[in-house]
Structures are given as C-alpha cells and as structure tokens.
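Asks: Now for the letters of each chain:
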Amino acid sequence: MTRDSKPDLLKVEGLKAYYQMNYYGVEREVRAVDGISMNIKRGEVYGIAGESSSGKTSFIKVLAAAIRPPLKVVEGTVKYEFKNGPIEVTTASKAQVEDVRWKHLSYIMQGSMSVLNPVRRIGRTFKDFAQRPLGLTGAAFEARVVSHLARLKLPPEVLKAYPHELSGGMRQRVTIGLATVCHPEFIIADEPTTALDVVVQKEVLSLIRDIQKEMDSSVVFVTHDMSVHANIADRVGIIYAGRLVEEGPTRQMFFTPRHPYTAHLVASLPRIGDTTQRPALEGRPPNLADPPQGCRFHPRCPLAVDKCRQEVPPLETVDVDHRTACWRWQDVKPLVGSAHPAGVMA
Amino acid sequence: MTTLLDVRNVSKHFTMGGIFGRKTVNAVMDASFSLSAEKPEIFTIIGESGSGKTTLARMVLGLEDPSEGEILFQGQKVSRHASKAERLAFMSKVQPVFQNPFEAFNPLKKIERYLESTARQFLHTKDRAAIDRVMDEALQKVGLSLKEVRGRFPHEMSGGQLQRCAIARALIPNPPLLITDEPVSMVDASLRMSIVNLLKSLRDDLKVSVIYITHDLATAYYISNRLIIMQRGRIVEMGDARTVLDNPQHPYSKLLKASVLSTDDAGAGKLATDPGMVQAANGLVGEAGKLVMRPDGREVRVYG
Ligand SMILES: Nc1ncnc2c1ncn2[C@@H]1O[C@H](COP(=O)(O)OP(=O)(O)OP(=O)(O)O)[C@@H](O)[C@H]1O
Ligand SMILES: Nc1ncnc2c1ncn2[C@@H]1O[C@H](COP(=O)(O)OP(=O)(O)OP(=O)(O)O)[C@@H](O)[C@H]1O
Ligand code: SF4
Ligand SMILES: [Mg+2]
Ligand SMILES: [Mg+2]
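If you're matching them up, the sequences are chains A and B in order.
Residues in the first sequence are numbered from 0 upward in steps of one, following numbering that gives the first Met the number 0.
Residues in the second sequence are numbered from 0 upward in steps of one, following numbering that gives the first Met the number 0.
The set of hints was computed from the structure by calculation and includes no laboratory data.
The beta-carbon is built from N, C-alpha and C at its ideal position, and this holds for glycine as well.
Honestly, I wouldn't trust all of these hints.
[Unchecked claim] No more than 25 Å apart at the CA atoms, straight line, and that leaves these computed lysine-lysine pairs for BS3-like:
no.	chain 1	residue 1	chain 2	residue 2
1	A	Lys152	B	Lys108
2	A	Lys102	A	Lys82
3	B	Lys109	A	Lys152
4	B	Lys146	A	Lys71
5	A	Lys71	B	Lys108
6	A	Lys152	B	Lys140
7	B	Lys146	B	Lys108
8	A	Lys10	A	Lys102
9	A	Lys71	A	Lys93
10	A	Lys152	B	Lys146
11	A	Lys126	B	Lys22
12	B	Lys269	A	Lys212
13	B	Lys253	A	Lys71
14	B	Lys269	A	Lys5
15	B	Lys146	B	Lys125
16	A	Lys10	A	Lys93
17	B	Lys109	B	Lys76
18	B	Lys146	B	Lys109
19	B	Lys108	B	Lys83
20	A	Lys159	B	Lys22
[To be verified] Label pairs and their calculated CB-CB ranges:
no.	chain 1	residue 1	chain 2	residue 2	range
21	B	Lys83	A	Thr90	53 to 63 Å
22	B	His12	A	Ala138	25 to 35 Å
23	B	Asp273	A	Glu141	45 to 55 Å
[Stated by the list, open to error] Some residues of chain A that are not near chain B, with every Cβ distance over 10 Å (derived):
no.	residue
24	Asn38
25	Gly49
26	Ser92
27	Leu135
28	Phe140
29	Lys159
30	His297
31	Gln309
32	Gln329
Given the sequences, and given the hints that come with them, work out the whole structure.
Replies: Here it is as structure tokens:
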C-alpha cells in the first residue's frame with residue numbers, strides 16, 4: 000500500500016519550540032526545535048534518529064502535548080485528526096489534552112521507568128491510568144492487564160511489586176504496557192527499549208507492531224539504535240541541530256541516504272565481529288543557543304562548500320516520500336564495497 | 000597473581016511484593032568470577048533483562064549484601080555495614096555509573112554539585128580552581144565541558160548528556176575499578192564509540208579495570224577481554240569475549256546472538272525469532288546444572 004492511500008493523522012507545520020530561561024537576569028534561549036514540518040499517516044510507524052542533544056526529545060514532547068516551561072512553542076502548529084475529532088496541541092486546553100491522553104495519544108518518556116510512582120504498587124498505577132479509559136472493572140480489568148503484561152514477558156506478580164523491586168528492563172516494559180494497554184490511536188515513544196536485552200527487545204517491538212496493526216494506529220519513536228529503525232519503521236526521519244534534515248522510506252534511508260549526516264549515522268553502526276575503529280564525526284555538536292549559519296552541519300560536513308556556509312538548504316523532495324535538506328544531495332554516495340548498507344560520501 | 004576483585008559463590012534472594020503475596024526472587028544464583036590486579040581488563044556482563052546483572056553490580060559496590068557467598072575487593076570483604084571511613088576509602092577505588100541516568104540524579108540538585116562533591120571528597124582539596132579544572136577535564140573526556148553543564152539541573156539535559164555526566168563523575172577519583180551499568184544506552188553511535196574507546200584507553204593507559212554491563216553485543220565484542228552471559232540469575236556461559244560471541248555454545252547465548260537485529264534487510268520489518276531456539280533456550284531455565292570448562296577455555300552451563 001502506498002502512503003498516499005491513507006489520511007494524515009498528524010500534521011506538524013513550521014514548528015519552533017525553544018527553552019527560554021532567565022539566569023539571574025541573563026536571557027538564554029536554546030532553540031531545540033527550529034522549524035520542523037512533517038506529516039504522519041494513520042497506521043504508519045515513523046522512526047526518529049539523530050545526534051545526542053539534537054532536539055529529538057524536545058520535539059516529541061511537543062507532539063505528546065507535554066509542553067512545560069521553560070519549553071515554549073514559539074511558532075507553528077501540531078494537529079491530530081483523532082477518531083473523536085481534531086485537536087491542535089499547541090493551543091489546546093489542559094482538559095482537551097486530558098481527554099485524549101492514553102486512549103488516543105500515549106507517550107512513553109525517555110528514561111520513563113523513573114516516572115513510576117515509587118510508593119505505589121504497579122497494579123495501582125495501572126488502575127489509576129487505564130481503568131477509566133478501558134471502561135473495565137474488577138476481575139475483567141485485572142485479566143486484561145495480566146494478559147497484556149504476558150505479551151511483554153512480564154509475570155502477573157509484577158502488579159504486586161513496587162518499582163524498585165523490578166529490574167531496569169522490567170520497569171521499562173511496565174511503562175510500555177501502560178502506554179499500550181488502552182490501544183491508543185497514536186503512540187509516542189522515546190528510547191523505549193534501551194534497557195532490554197535483544198531477545199526481549201524483539202518481542203516488545205513485535206508487540207508494539209501488533210497493536211499498531213490491530214488498531215491501525217500510528218507510532219512515532221525515537222532511538223539511537225539504527226537496527227531498531229531498520230526493522231520496525233516504515234519511514235525514518237533524521238534530526239540534526241533542531242531541524243529535520245532528511246526523511247524517507249526506511250530502505251532508502253539505509254541504502255541510498257541523501258544527506259551526509261544520515262550516511263554517517265548508517266555507516267557508524269558497530270557490528271559483532273568487528274574490531275576496527277569507526278571514524279567518529281569530526282568536531283563538536285552545534286550549540287543550540289547559537290547554531291551555525293547556513294546549513295547547520297557545515298562545520299562538520301566533508302562535502303561542505305561556500306554556499307553551505309551562507310544559505311540554509313530547504314527540505315526538498317528527491318524521490319517519492321523522500322526529502323532531504325542538502326545542497327549537494329546528489330553527491331552523497333553509498334560507500335561501495337563497505338560491509339555496511341551505506342558509507343560516507345564519495 | 001593477586002586479585003583485585005573476587006566474587007565467590009554469590010547468591011541474592013529477594014522477597015517481592017511485601018506482605019501480600021510474598022514471592023522469593025532468586026536474583027543471582029551462585030555466581031563466581033575474579034579480576035586480576037596486575038592485568039586490568041574489561042569484563043562484560045550481558046544477559047536477559049531481569050537476570051541479575053544490576054543486582055550483581057550492586058553487591059560488588061557494597062550497596063546490597065549477598066544472601067550467600069562473599070565478595071572480596073583487594074582482599075577485604077565488601078560489606079554494606081562498613082564504617083563511614085571504610086566506605087569512603089572503598090569508593091575512592093570502586094566507582095559506579097548507574098543504569099538509568101534519569102533515576103540516578105536527584106532532580107532538585109544541580110549536576111555540578113555531584114561532580115563537585117566527588118571532586119572534593121576524593122581529591123582532598125577546597126581550592127575552587129583546582130576543583131573546576133578536574134571537573135572540566137572529566138567532562139571533556141566524554142565530549143562535554145563544565146561551561147555547558149554549569150548551573151543546569153538534570154531535567155535540563157538530554158538523555159545522552161546526562162548519561163555522559165554520570166560517566167564523568169565516576170572518572171574523577173581515578174578509581175582502579177569502574178562498574179558501569181549500561182553506560183552508553185542513550186547516546187548516538189558516534190558518541191557510543193568514543194565512550195567505549197575511552198573505557199579502552201582507561202584500561203590500556205591508566206590500568207583501570209572495568210565491569211561493563213550492556214545489552215549491546217557489538218560494543219561488547221569490540222572492547223571486552225572476557226564476558227559472562229546471564230540468564231534468570233545464573234551465569235550460563237563465561238570466557239574470552241570473542242571466543243564466546245563468535246560461536247556461542249549455551250542455547251541462551253545462541254538465542255541472544257541470533258536475536259541481534261540487523262540492518263541488511265532494512266525496511267523489510269523482520270522481527271520473527273526461530274521458535275525452536277527460543278524453546279531450547281528456555282527449556283532448562285529452572286535447572287541448576289553446572290559450569291563445565293571447554294577445551295577452548297570457556298565455561299558453559301550443562302544440565303543433567
Ligand atoms: N528543560 C530544559 N531546559 C533547558 N535546556 C534543555 C531542557 N531540556 C533539554 N534542554 C536542551 O535542549 C537541547 C535538546 O535536548 P533534547 O533532550 O531534545 O535532545 P535529544 O535529541 O533528545 O538528545 P538525547 O539523544 O541525548 O536524548 C539540549 O541541548 C538540552 O541540553
Ligand atoms: N529490591 C528488590 N526487591 C525485590 N526484587 C528485586 C529487587 N531488586 C531486584 N529484584 C529482582 O531481581 C531480579 C534481577 O534484577 P536486576 O535488576 O538485577 O536485573 P538486570 O539483569 O539488571 O535486568 P535489566 O537488564 O532489565 O536491568 C529481577 O527479577 C528483579 O525483579
Ligand atoms: S548543505 Fe552543504 S554542509 Fe550541509 S550537508 Fe549538504 S553538503 Fe554538507
Ligand atoms: Mg532524548
Ligand atoms: Mg539492570
């Protein structure tokens with residue numbers, strides 16, 4: 000099925016969200032999300048990758064309507080078309096957001112095992128969050144939760160446990176359980192599988208994929224693990240210094256990336272059996288309080304030319320569903336003979 | 000050979016669920032290994048989620064007492080009940096990097112205060128400039144700087160920044176043993192490699208031993224000398240890292256390696272696992288069995 004046959008469930012337009020702080024009278028502004036536009040279809044799984052501190056969490060916080068000071072939406076819109084009606088989260092009231100939370104829109108925060116209330120048993124937390132949206136009580140509710148946890152390879156005893164009695168990966172699965180038990184229309188997950196071994200990780204990803212298929216829901220998730228993107232995402236988007244620099248169908252992003260940063264990301268994947276040192280990216284990550292002029296990647300880009308230092312490259316369409324923001328995208332070439340799908344440029 | 004760390008037949012049982020529906024969890028069962036003082040190494044622990052890796056690390060750190068067995072560090076018994084002075088002396092030699100940086104930092108305390116108090120405690124100085132220099136050096140090693148970190152609270156940092164601050168803090172006392180629980184789970188591939196290379200150079204240049212707990216088999220292969228694989232509280236395979244990972248022998252180790260996601264088929268949505276392998280790995284999980292040495296020097300748990 001082509002993407003076009005389905006309606007957009009989420010539309011993000013010109014989104015800018017900054018952390019605006021005041022330290023002892025000194026204004027400081029971190030431009031964490033700086034002009035992102037993208038759409039996500041119903042039933043689509045969209046993976047987001049990018050450098051550490053490039054603004055991924057900040058971006059999906061806004062998508063998840065979890066915008067708290069000092070983070071402020073400065074420009075742009077984020078609009079969902081849920082089954083029970085549309086909602087524009089940057090202007091929605093608290094009550095409107097509460098209305099869609101869990102049942103329509105759920106959010107698994109980064110490091111979210113820490114959001115579990117330490118003095119509450121897991122079973123209590125499930126009741127608090129899921130009982131009302133599921134509309135079940137007593138044994139029926141408990142049975143639903145237990146069978147859901149089993150799909151995450153968690154025994155029913157975890158309902159009686161306090162968070163500190165569970166391992167890191169068990170807590171992570173509990174939060175995934177919370178976010179998926181109500182089968183929401185839109186699931187947002189920030190590094191949801193960092194604490195899982197690869198066997199359980201695969202099972203958890205399958206569960207997310209199954210729920211997504213059953214409900215025809217959409218999923219947006221952030222991870223540094225490119226092999227997770229490779230195996231679950233329909234499309235992948237790359238964020239660099241607060242901007243979307245490339246997005247496209249998963250296969251193309253791995254085999255024919257059209258942005259040098261994407262090519263670098265794909266080529267830097269370490270593999271078992273490999274003991275050679277991978278080239279790290281030269282230079283430091285850009286300072287989001289004072290990002291570089293022109294293309295923000297230019298100080299570190301092996302293909303940079305004068306134009307890159309002055310003019311911001313627009314996100315242009317290079318293939319069906321494939322967009323990139325690079326003046327020289329035609330020169331970005333997969334490395335021939337590399338053990339990797341795509342290496343750094345020509 | 001003198002031993003730096005000696006873990007002897009250590010087990011840990013927990014009672015889960017408080018007074019209602021008590022259930023005993025055998026988090027670690029009869030684990031033994033030792034690290035040499037002369038030959039620093041990167042000793043990796045991989046394994047199932049919930050298999051006891053963090054519990055084992057917490058016992059080595061003296062944060063949890065073993066239910067059975069004992070742990071010796073430089074010949075001294077590690078204990079939760081050590082005096083304050085003993086504890087401080089121990090912590091100057093064994094430093095932790097905890098699993099989830101979002102849990103490890105108190106949200107109300109500025110990051111630099113952690114670094115500062117570590118610097119103050121272990122460098123025995125009150126000189127501001129000296130403390131700042133030490134903090135900045137440690138942060139530079141993980142790709143940050145004091146300038147970037149100063150004045151900020153944990154929630155004002157990204158996941159990867161926080162994780163790197165935790166590593167920087169642990170480096171300050173120059174400890175002979177570093178215990179890192181998934182230190183690179185939240186950073187990009189490029190940073191991940193630079194941090195594991197840092198661990199490598201700590202071992203090679205500064206003679207630091209590192210216990211590296213991870214789910215990432217690729218970096219484990221890349222930097223470890225030896226590794227153990229854990230399943231449901233038990234060590235199921237132990238030996239030279241490359242010998243084990245090139246050709247794992249225990250059914251769980253085999254399943255683990257086979258489950259690593261690949262990018263070769265990017266976009267094909269491949270998430271299936273061979274059910275036969277899963278069954279083989281889980282079939283014997285409750286049984287004790289015993290570790291048996293193979294001709295290639297590794298130990299594998301066998302049953303019956
Ligand atoms: N509450 C806050 N106040 C001020 N600055 C913040 C706050 N939260 C994040 N930042 C800054 O915003 C930038 C983007 O952070 P963000 O958490 O979005 O990064 P990320 O891409 O999710 O990184 P990672 O992969 O490391 O989690 C970083 O420079 C970070 O330090
Ligand atoms: N304080 C505690 N009270 C009760 N049970 C506990 C406690 N701490 C850990 N456990 C249990 O011990 C087992 C091992 O947990 P541990 O945290 O050591 O696992 P792990 O190997 O680090 O897993 P992960 O990879 O998910 O972090 C789990 O079943 C957990 O529920
Ligand atoms: S626009 Fe120029 S600097 Fe930016 S990624 Fe493309 S070639 Fe590199
Ligand atoms: Mg993040
Ligand atoms: Mg753990």
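Asks: Look at each hint and say if it fits the structure.
Replies: Status of the hints after comparison with the structure:
1. Restraint check for lysine 152 of chain A and lysine 108 of chain B: not satisfied, since their Cα atoms lie roughly 36 Å apart, outside the 25 Å limit.
2. For the hint linking lysine 102 of chain A to lysine 82 of chain A, the alpha-carbon distance of about 11 Å falls within 25 Å, and the restraint holds.
3. Among the hinted pairs, lysine 109 of chain B with lysine 152 of chain A is inconsistent with the structure: their alpha-carbon atoms are about 37 Å apart, more than 25 Å.
4. Taking the CA atoms of lysine 146 of chain B and lysine 71 of chain A, the gap is about 24 Å. The hint holds against a cut of 25 Å.
5. Restraint check for lysine 71 of chain A and lysine 108 of chain B: the C-alpha separation of about 23 Å stays at or below 25 Å, so the hint holds.
6. Simply put, lysine 152 of chain A and lysine 140 of chain B have alpha-carbon atoms about 38 Å apart, too far for the 25 Å limit, and the pair is violated.
7. Of the supplied pair hints, the one linking lysine 146 of chain B and lysine 108 of chain B holds, its CA atoms being roughly 17 Å apart against a limit of 25 Å.
8. The straight-line distance between the Cα atoms of lysine 10 of chain A and lysine 102 of chain A is roughly 19 Å, inside the 25 Å bound, and the hint therefore holds.
9. Among the hinted pairs, lysine 71 of chain A with lysine 93 of chain A is consistent with the structure: their alpha-carbon atoms are about 15 Å apart, no more than 25 Å.
10. As the CA atoms of lysine 152 of chain A and lysine 146 of chain B are separated by approximately 44 Å, the hinted pair breaks the 25 Å bound.
11. Using a Cα cut-off of 25 Å, the hinted pair lysine 126 of chain A and lysine 22 of chain B holds, with the two alpha carbons roughly 22 Å apart.
12. As the CA atoms of lysine 269 of chain B and lysine 212 of chain A are separated by approximately 15 Å, the hinted pair is consistent with the 25 Å bound.
13. Distance check on the hinted pair: lysine 253 of chain B and lysine 71 of chain A sit about 48 Å apart at the alpha-carbon level, beyond 25 Å; violated.
14. With a C-alpha separation of about 23 Å, the suggested pairing of lysine 269 of chain B with lysine 5 of chain A holds against the 25 Å cut-off.
15. Between the alpha carbons of lysine 146 of chain B and lysine 125 of chain B the distance comes to roughly 20 Å, so the proposed pair stays at or under 25 Å and holds.
16. As the CA atoms of lysine 10 of chain A and lysine 93 of chain A are separated by approximately 20 Å, the hinted pair is consistent with the 25 Å bound.
17. For a cut-off of 25 Å, the pair hint linking lysine 109 of chain B to lysine 76 of chain B is broken: about 34 Å separates their Cα positions.
18. For the hint linking lysine 146 of chain B to lysine 109 of chain B, the alpha-carbon distance of about 13 Å falls within 25 Å, and the restraint holds.
19. For the given pair, lysine 108 of chain B sits about 23 Å from lysine 83 of chain B by alpha-carbon distance, which is consistent with the 25 Å threshold.
20. Between lysine 159 of chain A and lysine 22 of chain B the alpha-carbon distance is near 10 Å, which keeps this suggested pair within the 25 Å criterion.
21. Between lysine 83 of chain B and threonine 90 of chain A the CB atoms are about 55 Å apart, so this pair conforms to the stated range of 53 to 63 Å.
22. Here the CB-CB span from histidine 12 of chain B to alanine 138 of chain A is close to 31 Å, well matched to the stated 25 to 35 Å.
23. The hinted range of 45 to 55 Å is not satisfied by aspartate 273 of chain B and glutamate 141 of chain A, whose Cβ atoms lie roughly 33 Å apart.
24. The Cβ of asparagine 38 of chain A sits about 19 Å from the closest Cβ of chain B, beyond the 10 Å cut-off, so the non-interface label holds.
25. With a closest Cβ-Cβ approach of about 7 Å to chain B, glycine 49 of chain A is found to fall inside the 10 Å limit, against its non-interface label.
26. Consistency note on serine 92 of chain A: stated as away from chain B, and its beta-carbon is indeed over 10 Å from all of that chain's, at 24 Å minimum.
27. Once the 10 Å rule is applied to beta carbons, leucine 135 of chain A is consistent with being away from chain B; the minimum gap is 22 Å.
28. Consistency note on phenylalanine 140 of chain A: stated as away from chain B, and its beta-carbon is indeed over 10 Å from all of that chain's, at 18 Å minimum.
29. Not every CB of chain B lies more than 10 Å from the CB of lysine 159 of chain A, the least distance being 4 Å, so the non-interface label is violated.
30. Under the 10 Å C-beta cut-off, the non-interface status given to histidine 297 of chain A relative to chain B holds; the minimum distance is some 17 Å.
31. Distance check for glutamine 309 of chain A against chain B: the nearest CB is about 27 Å away, which clears 10 Å, and the non-interface claim stands.
32. The claim that glutamine 329 of chain A lies off the interface holds: its Cβ sits roughly 22 Å from the closest Cβ of chain B, which is beyond the 10 Å cut-off.
Going through the hint list in order, the structure does not satisfy hints 1, 3, 6, 10, 13, 17, 23, 25, 29.
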